[in-house]
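Asks: Dock chains B and C with the ligands against chain A, hints included.
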Amino acid sequence: MTTAAYPVSAALTVNNLDAFYGKCQVTFDAQLHVGRGEIVALLGRNGAGKTTTLMAIAGFVTARRGKVLLAGNEIATAPAFRRVRAGLSLVPSGSRSLGSLTVLENLQTSAGVSARNGQWSIDKVFGLFPKLRQLAGSQGRQLSGGERQMLAVGRALLSQPEVLMLDEPSEGLAPLVVAELGGMLRRLADAGLAVLLTEQNHGLALDIADRVLFMEKGQIAWEGSASEAKDPEVLGRYLSV
Amino acid sequence: MNEFLLQLLSGISAAAVLFLVASGFTLVFGALRIINFAHGSVYMLGAFLATSISDFVGTGNVSFWISALLAGFSVAALGALIEIVCLRRIYHRDVAIQLLVTFGLVMIIGGLVRGIWGSAPRQTAMPPLFDGGVPMLGTYFPTYSLFLICVGSAAVIALWLIMYQTSLGRLIRGAVDDRQLLEMAGVNVPLLFTAVFSLGAFFAGIAGALVTPQQTISVGLDLDVIVKAVVVVVIGGLGSIGGALVGSLMVGVASSIALIWLPPSWSLIVVFGLLVTVLAISPQGLFGKVR
Amino acid sequence: MKMFRSSVRDWRTSRSMRTVLGSFTLGLMGAAFSSGIASAETGGCVNGEAQALIVSDVSGRLGVLGPSQSTATQTVIDLINKDGGLLGCKVKLTIKDEQLDPAVAVRELKKAIATNKPNVVFGPTLSSSMLSMAKITNAQGIPLFSGEGGDAQFVMDAREPGNYMAISTLYQDGRAAAKYLVESGKCKRYGFLYPDIVAGRDIVSAFRGQLAESQPDAQIVVDQPYNLQNKDFGAIIQAISSKSPDCVFGNLLGPDLGSVYKIWNQRKLDILTMFYPDTATLKAVGNGNLPANTYGVMRANVKTMAATPVGREFTEAYKAANNGAAPDEWAYAAASAVQMWASMVKAAGSFDYNALDTAAKKGGLTFDSVYGDGVEIMPNHQANAWSNVGPVVDDSELGHPYWSSDSKAMWTKDVIPQPLYEAILSGKTSTRWTSAQ
Ligand SMILES: Nc1ncnc2c1ncn2[C@@H]1O[C@H](COP(=O)(O)OP(=O)(O)O)[C@@H](O)[C@H]1O
Ligand SMILES: [Mg+2]
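Quick note, the sequences are listed as chains A, B and C, same order. Sequential numbering from 1 applies to the first sequence in the UniProt record's numbering. Sequential numbering from 1 applies to the second sequence in the UniProt record's numbering. Sequential numbering from 1 applies to the third sequence in the UniProt record's numbering.
If we strip away everything but chain A, and leave its shape as in the complex, we get:
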């Protein structure tokens, strides 16, 4: 797997990505791809550039150079909301929700925006997260962290993604919730979704990922299978502080 050529059928391909905050360059020539049904984990120390990579792919951070192909279509110059409509969803870190909107209203904001005919409906999201159905009338700010994260994933699914990116999805969640979330992501991937997630903590990622990328100082420094990544020497090199 280490030297695998990028599959032509990759849902997301990123080449030579140089992302900037103003004049400050954060990622250098970043390359990655995520295939359909594949979960790719982007790991690295705090400040390595993981969030920046996802935000640049999603269109919220300027990429001065680089290609972003979604199902073979170049989207690097499209505004962020068009990328979402084209099938690229991002669940940002911090379990963010629209705090004054109810759970139902949160879901309604992304329902129906997609340009694609997807399978997801609010009812299906409620099927996936029965808890959210009970909380439909509660405001986003009243939810617990785990509930907000479910809501965020639900919102992302409603934009009918082909590629789902999650930035530190397990951050701040109870272990039980993390396990539940991991299982669900695995099932979604098995159903054909391409998943790209970042973690500082390798626990969840290594359990569910097919492939792992280690990021260091804005560059992809290592790529391999999840089992290869579990090697303590590798983990030590890229994650220990």
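Because the hints were derived from the structure by calculation, they are not lab data. Treat the hints with caution; some may be incorrect.
Where chain B lies over chain C, by a calculated footprint (3+ residues, C-beta under 8 Å) [as the list claims (entries may be wrong)]:
id, segment
1, 224-230
2, 233-246
3, 252-264
4, 270-284
A virtual CB, placed ideally from N, CA and C, is assigned to each residue, including glycine.
Replies: Frame of chain A; chains B and C with the ligands shown alone:
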């Protein structure tokens, strides 16, 4: 007692117009995070447009509505243009730059109004339906002031419906919470912002048009109204429409009731006293939640 | 005067200035000698051209008065030049915009003096601008003529030898108005509604003063100074009508007055009003929309002035220069200022600051003004103009409301006992104003 009630009613009528202006100002701040000092200029433009349109369509009951709505829609279109051409470029910029740009707009619109309409005062005739006064409490209370109260109440209901019963309102409230998250949900946020700005301008434009039968219109209206709107919105809490309603009522009614004891030159002192008291108790304003 | 002298002394003690001055004088003498024009004397003009300057609110918050004032000033100066000028000099007018802002007025005045020192300055509407400018013109030895601004102060505490007032003052208007209303017998309970500015406070205090003399048992039931920024008069008028006065007085004009008339109509109030109904407002109000019992007081009645001999000539010239647009009251006031100045220059045989003062103080000086022929210049440097008081009615001839022909012209002498200056001084009240340097 009658005197008190009549001052109260006059105050509510003033509050109605204040609310139309302040609600748009607060809406734009809440969603776009821009303190738009040109909001008063848009109000003034609505007023001047209404006088010109009514020169053209006449001053009957129907023409009155035509000129008010036409003024409102023209100003809304201009608002959209302003958002697309100017404001879009400055959302990510420093607050100082944003203030500078909206002040620039104040100057430009002020100059435009003076250039087109000159400095002579203008006004429109009272529509016959609302002419005169309604006998009550031993006097004739201006029918038009009662009408303004109705319009203000209708605006409150309309805004409530828009904000809580339509998808547009849902998105506006979402934008107040977290603009980026909304974009991550695939919402065309730039378009939403244009719509919000345009809606705010529409309310201001309508307010400007609606005062023309009762007030003489002249340049300088812009600054007069923006000062009041800012006070109302700060009292109510920046970004809160309910706050704008309560703030308008407080400012309108307080400055009117104060006239029983104090000359009108004290009204600013009364209003700022109110402002200081509210801010001392609740620094965010009564319903403030933004920032 | 003191400041003027000291600035001259500074000049004389400065070495380089003396050299410059010396060579300049030599050059000037040479020029005068060769051309045969003897104008090196201080009271004359330079190169056959007298410099006049008007600083006025061509733009700014009001922006109504300045344009007609500067146009009128130009019109009268053109008439003077057509008659051969003054003391053999053509008069050249420079117009500066003070934007209704004392600071701008001072800046523009200083700039104009630096580039080309004027022989005379005509001043703006805004009292604060006028009085700020007076400090500079007095120090520089330039006579300053007011057609509107700073009026009460000009004949009171801020008065200097070189300050002249071409029309009646708000003080006199207030007294005339009170006198008229007392004589009408219609008012027992009085109310006041006026902008909370110097002009408003002064006119009302003058009115109160006259009332105390002529109708000691009069009651003042409501006194409503309002902020000039105010646009919504609904609540204010509610508060006034609750006190049920018979008559309401104040110096409202322009947009404010238009709004007040509207609400007066809507509320069907038959309370008598006496405000300052200017032409622009009356045009905006339109025939048929005047409340019952509308009266006015104003320095200048357009219809009357257009009929005086000098007024007729001025009106025609103004119309000819302005596509037929008739002069308004501000234009007439400005015209009067230029006429007053021209008459004084002729009488003094000089443009000089002190020479004009001496001529005025000698007394018996009159001039033909838009207000009528033979208007007297009082020892306090004020033209003995009139205040007009009377009912305002719809005027089919003009197509908009205006003063009825039975409005009463009150000479300042009628309302103020002599000696004028002392009387005003003893009755002076509010003279608060903002200065700019
Ligand atoms: N908004 C920002 N402006 C400027 N620099 C930033 C910003 N956000 C992050 N950075 C910098 O970019 C680098 C990568 O940050 P980030 O992508 O958040 O790392 P990670 O997600 O891997 O912890 C860090 O050095 C960080 O300081
Ligand atoms: Mg991060």
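Asks: Verify the coverage statement for the segment 233-246 of chain C against chain B, using a C-beta to C-beta distance below 8 Å and requiring 3 or more qualifying residues.
Replies: holds (count 8)
Asks: Would you check chain B against the segment 252-264 of chain C, counting CB to CB pairs closer than 8 Å, and say if three or more residues qualify?
Replies: Contact hint for the segment 252-264 of chain C vs chain B: holds, 8 residues under 8 Å.
Asks: Just to make sure I understand the rule, a stretch counts as covered if three or more of its residues have a C-beta closer than 8 Å to a C-beta of the chain. Does the segment 224-230 of chain C meet that for chain B?
Replies: The restraint on the segment 224-230 of chain C holds, since 6 of its residues have a Cβ under 8 Å from chain B and three suffice.
Asks: Report holds or violated for chain B covering the segment 270-284 of chain C, Cβ cut-off 8 Å, minimum 3 residues.
Replies: Holds: 4 residues of the segment 270-284 of chain C have a Cβ under 8 Å from chain B.
Violated hints for the displayed structure: none, as all numbered hints are satisfied.
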